[in-house]
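*Asks:* Going down the list, the protein sequences come from chains A and B.
Here my numbering is used: position 19 in the first sequence is 19, and no number is missing along the way.
Here my numbering is used: position 73 in the second sequence is 73, and no number is missing along the way.
Source of the hints: derived by calculation from the structure; they are not laboratory data.
Quick reminder that beta carbons are idealized off the backbone N, C-alpha and C, glycines included.
One should not assume that every hint holds.
Said to hold, decoys possible - Not close to chain B: a few residues of chain A, all C-beta gaps over 12 Å, as computed: (1) Val4; (2) Gln6; (3) Glu15; (4) Gln39; (5) Leu84; (6) Arg95.
Stated by the list, open to error - The calculated DSBU-like cross-link candidates involving lysine-lysine, where the alpha carbons are at most 35 Å apart (straight line), are: (7) B:Lys9 with A:Lys78; (8) A:Lys103 with B:Lys9; (9) B:Lys9 with A:Lys55; (10) B:Lys70 with A:Lys73.
What follows is the residue order along each chain.
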Amino acid sequence: AQTVTQSQPEMSVQEAETVTLSCTYDTSESDYYLFWYKQPPSRQMILVIRQEAYKQQNATENRFSVNFQKAAKSFSLKISDSQLGDAAMYFCAYRSAPEYGNKLVFGAGTILRVKS
Amino acid sequence: DGGITQSPKYLFRKEGQNVTLSCEQNLNHDAMYWYRQDPGQGLRLIYYSQIVNDFQKGDIAEGYSVSREKKESFPLTVTSAQKNPTAFYLCATKPRGSTDTQYFGPGTRLTVL
């Protein structure tokens, strides 16, 4: 079974600075997807960024980028120019292949606090 | 409005009672999922359905039941057999196509009194 580990329960960053959230996973599959979701106090899950395992290029979405190391099974999220609105719980998630139902496996989450 | 609707937002239940959480979508997505979120933990999969009239157990299906009679609806029943039902429940949908992610509803907070 796949597992996802987020080793940082909580992180803090100063507004306008950069922060990196860590995520490692374990799988025997070769084709899969990885995601970072944001959950603000409203508890609505919001997709931040996705990475397809067969793509070597790291995904980027505006101020958000990932460092995907397939061999090391590592998938960290970098937030540049942090804003107050970035404060939330962040979840790393692994999605299995379609034949297994496209199920998502989540890490325990990292609370990100942004200081003004 | 297009989207995923979960009702009610807050639900209270007496111990020993069954309760059904609603999830409705008008996105025409094929697959639907139910997750449970406890404090300090990530989401855990309860049940999922990839097509109408078919569903599979997730990692923590014990004490729960579902049905998928219509494409738009995937209700979750929390039975009295569920030992610790107090949690936040999230429904998600996914369109056909392997590149697409899951889209989440606003969630239902269930509290057992």
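*Asks:* Confirm or reject each hint.
*Replies:* Each hint, compared with the structure:
no.: 1; hint: Val4; verdict: violated, 7 Å
no.: 2; hint: Gln6; verdict: violated, 8 Å
no.: 3; hint: Glu15; verdict: holds, 26 Å
no.: 4; hint: Gln39; verdict: violated, 9 Å
no.: 5; hint: Leu84; verdict: holds, 22 Å
no.: 6; hint: Arg95; verdict: violated, 8 Å
no.: 7; hint: B:Lys9 with A:Lys78; verdict: holds, 33 Å
no.: 8; hint: A:Lys103 with B:Lys9; verdict: holds, 24 Å
no.: 9; hint: B:Lys9 with A:Lys55; verdict: violated, 39 Å
no.: 10; hint: B:Lys70 with A:Lys73; verdict: violated, 39 Å
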